[in-house]
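Which chain is which? The protein sequence lines are A and B, in order. Residue 1 is where the first sequence starts when you use the numbering used here, and the numbers rise one by one after that. Residue 414 is where the second sequence starts when you use the numbering used here, and the numbers rise one by one after that.
Only true hints are included.
If you want the ones that stay clear, here's a sample from chain A, every Cβ over 12 Å from chain B, calculated:
#1 ALA20
#2 ALA55
#3 ALA114
#4 ARG120
#5 GLN171
#6 TRP214
#7 GLY271
#8 THR282
#9 ALA289
#10 SER334
#11 GLU338
#12 GLU411
Here are the in silico distance ranges between beta carbons for each label pair:
#13 PHE484(B) - THR168(A): 25 to 35 Å
#14 ILE479(B) - PRO196(A): 50 to 60 Å
#15 LYS488(B) - ALA194(A): 22 to 32 Å
#16 PRO118(A) - PRO423(B): 49 to 59 Å
#17 GLY237(A) - GLY453(B): 30 to 40 Å
#18 THR163(A) - GLU433(B): 52 to 62 Å
Think of the hints as simulated: they come from the structure by calculation, not from any bench. Here a beta-carbon is modelled for each residue, glycine too, at the ideal position from N, C-alpha and C.
Residue-level listing of the chains:
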Amino acid sequence: MDAERLTDAQAAAASAAEHAARSSYGRLVAILAAGTGDLALAEDALGDAFATALARWPESGVPENPEGWLIAVARNRRRDVWKSADVRRTEPLGDGEGRDGGRAGPEPAVDPFADLDPWRIPDRRLELLFACAHPAIDPEMRTPLMLQVVLGFEAARIARAYTVPAATMAQRLVRSKRRIARAGIPFALPDRRAMPERLDAVLEAIYGCAALTWRGDAASLAGEAAELALVTADLLGDEPEAWGLAARLTLGLAARRPGPYVPLDEQDPVGWDARRIDFGETLLGRAQARGAVPGRFQLEAAMYAVHLDRRRTGVLDLAALRTLAAALVSVAPSLGAEVALAAILGRAESPAAGLAALPAGGERFQSWQATRAELLARSGRRAEAAEAYDRAIALSDDDDVRVFLRGRRTELA
Amino acid sequence: MRYTLLMHYPEVSPEELGDEVMEAGRQAMSSYAATLQAAGVLIGAEVLQPSDATTTLRKVDGALRIQDGPFADTKEQFGGSFVIDVPDLDAALDWAGRAPGLDWEGAIEVRPGATHTVDGMWMPNV
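Just chain A, with the same shape it has in the complex (with noise of 0.2 Å):
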């Protein structure tokens, strides 16, 4: 029990290291990118210094001026470049090597941290999530961009999240890299007109990041873009959404934990995560002091809200539900917007008006053939039920998903 709770703690130090790491990079990828739209380089700069710090941190803990840490490692591995280069000089290079007689390797000249202080790195960020969200982005490359140059995931790492050849990733995420740099997309918030499109391009791409690993807890991708999420919120400082979204990505992960896939509504509460539900009602509580009418991701993290009050209260506050799965249909309608609805109107009404709300042409897509079998086994129409769990269970990419969806599919026997 004791050793158990200590490979958890220092689970969590390691991954509060990894963090670290990963913010610092991406507060100087976006300094050092601002200036030349160069993120390639930028990247270069700070790589091995980067990778240094992701196997170190998690063990001697992370350094006192983290931003500071990583510029003075990057130095000093450009100087040992600079070293082996000297070395290279000395040695006959042959004739014609022009007037300094023949110089090798990279020119000691630029250090591009010269004229960084240490001590006050400002966060740019921001900038840099609207450069990766840019319209003139590809918008299936703007979460794999976000993830590399802001968070410091390397290719092969982002490939496997989206099941891609390594190879391939790379590849794409070198030519959005040249695209930025060419085209000359600005490192620079959008102006007040452009602002509230460019801003749902960036929650948008911060939300692929946790919807990857939906499944994951605060240690993965989803704990990572929760974060990412947060810093925007913060640097924006009066956008409803963006804390809109903080508040759902951080909701969602208080009810996250590795194992058996068990829906939100029959998990038992003592597993979650009460601080992380605190801290997400106080981040909802900011966006909906604005005022405005609530957006999407308002309306999402409020329907989670309502499934974690049930900690609380004990029960779950089904009208509460219905009302705010109504409003996101009629703010941003989609399909599994409308899929949430019907299965709330299963529970709130019958399982006859849930299959009535379901939307027309959801056949292949899992969560409307899982909410269509929960329904008709509820309706008692097993032999439907169970063609469509096997249908459900045909289209599900998580192993836990399909394991729940064939347990239920025997209770119906």
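Given chain A, work out where chain B should sit, using these hints.
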């Protein structure tokens, strides 16, 4: 940073358009150019004759082949360009978004320059 705004739009003859529409089009183009000029971003602009006046050259097996008509026979044709000098893509997109060609069922391609000549010498785009 220099960008070229490449205007593509369906070609309609002056007769089909009528004098009034043609005149409105000319007005829109001159006020667009005047606005770019006043903002200090205009390097140059050119509106081209319709593609039935164009001639395309190729070299086939070392011999010049001259062909009447445009390089690509598409519904929208390349109709002209504006070269502007602005800080970044957002500024270029902002100017391009106000181009009259967009009201003529056209599309505008915003393309960064790589290099251009100054007094016959090639200069990089910065």
